[in-house]
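Novice: Using the sequences and the hints given, assemble the complete structure.
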Amino acid sequence: MSLEMAAEDLRYLLNRGYRKRVALNFVANHYLLGRKDRNYLARCVFSDETVARRRSRRVNRNSLRGSSVFIDGYNVLIGTESLLTDQFFLAQDGFLRDTRGVSGSYRMGDSTLKALDLIIDFLADSGVGRAIFYFDRNVSHSGRLRGLVEDLMKSRGIEGCAVLSDCVDRRLRESDGIVATADGAVVDSVERVVDIPQEIMKERKRIKG
Numbered sequence: 001m002s003l004e005m006a007a008e009d010l011r012y013l014l015n016r017g018y019r020k021r022v023a024l025n026f027v028a029n030h031y032l033l034g035r036k037d038r039n040y041l042a043r044c045v046f047s048d049e050t051v052a053r054r055r056s057r058r059v060n061r062n063s064l065r066g067s068s069v070f071i072d073g074y075n076v077l078i079g080t081e082s083l084l085t086d087q088f089f090l091a092q093d094g095f096l097r098d099t100r101g102v103s104g105s106y107r108m109g110d111s112t113l114k115a116l117d118l119i120i121d122f123l124a125d126s127g128v129g130r131a132i133f134y135f136d137r138n139v140s141h142s143g144r145l146r147g148l149v150e151d152l153m154k155s156r157g158i159e160g161c162a163v164l165s166d167c168v169d170r171r172l173r174e175s176d177g178i179v180a181t182a183d184g185a186v187v188d189s190v191e192r193v194v195d196i197p198q199e200i201m202k203e204r205k206r207i208k209g
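Each residue of the sequence shown is one higher than the one before, starting from 1 at the first, in the UniProt record's numbering.
Incorrect hints may have been included.
Each computed EDC-like pair below joins lysine to aspartate or glutamate, with the alpha-carbon atoms no more than 20 Å apart [to be verified]: (1) K154 with D183; (2) K202 with D86; (3) K114 with D151; (4) K154 with D125; (5) K36 with E4; (6) K208 with D151; (7) K36 with D86; (8) K20 with D183; (9) K208 with E191; (10) K205 with D125; (11) K36 with D9; (12) K205 with D117.
Hints are computed from structural coordinates only; laboratory data are not their basis.
Specialist: What follows is the structure, given as structure tokens:
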């Protein structure tokens with residue numbers, strides 16, 4: 001109950017122009033929230049203006065046919081893995097995010113290959129014209145992931161490549177196509193965004209009936 005009340009209070013303050021860090025600290029301290037709940041609020045709760053703006057930029061899989069898609073590699077991979085482990089939530093801005101808040105500490109695990117298969121299958125089935133994956137160079141095993149992704153893309157006949165970069169966010173912001181990410185800062189700086197993990201979730205639900 002306290003987390004729900006904290007979310008309501010945080011959104012109230014954000015709608016009145018408070019900076020998120022200030023508002024989040026105030027609300028989290030008031031409700032004596034721990035690190036996990038603070039992280040959840042930071043990644044789930046947004047102002048009405050932010051929600052409307054981000055939702056307006058989302059496209060579905062039908063928009064991908066023939067298009068160039070630039071993929072925030074770790075963000076999309078972690079989000080897709082969260083589907084397989086049931087560790088995700090749908091944030092107020094409409095994007096699917098993992099509950100763990102994993103980023104630079106990512107480690108490959110049992111669900112990595114299955115998640116990659118789902119992502120590549122989604123891209124192939126959506127008929128993308130080209131797919132460019134960006135992986136943070138500084139994260140462990142990025143080179144191995146790049147190789148796996150390019151092998152899978154080749155096996156499905158998808159044009160594109162996987163790139164290691166020290167500035168993934170900037171590369172995504174400068175792209176000239178549809179960006180695949182749930183990173184709010186990136187979403188706010190591009191024109192069209194696809195939430196691949198959520199699109200995969202919708203398709204899996206449709207198949208299951």
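Novice: Flag every earlier hint the structure violates by its number, smallest first.
Specialist: Violated hints (numbers, rising): 1, 6 and 9; every other hint is consistent with the structure.
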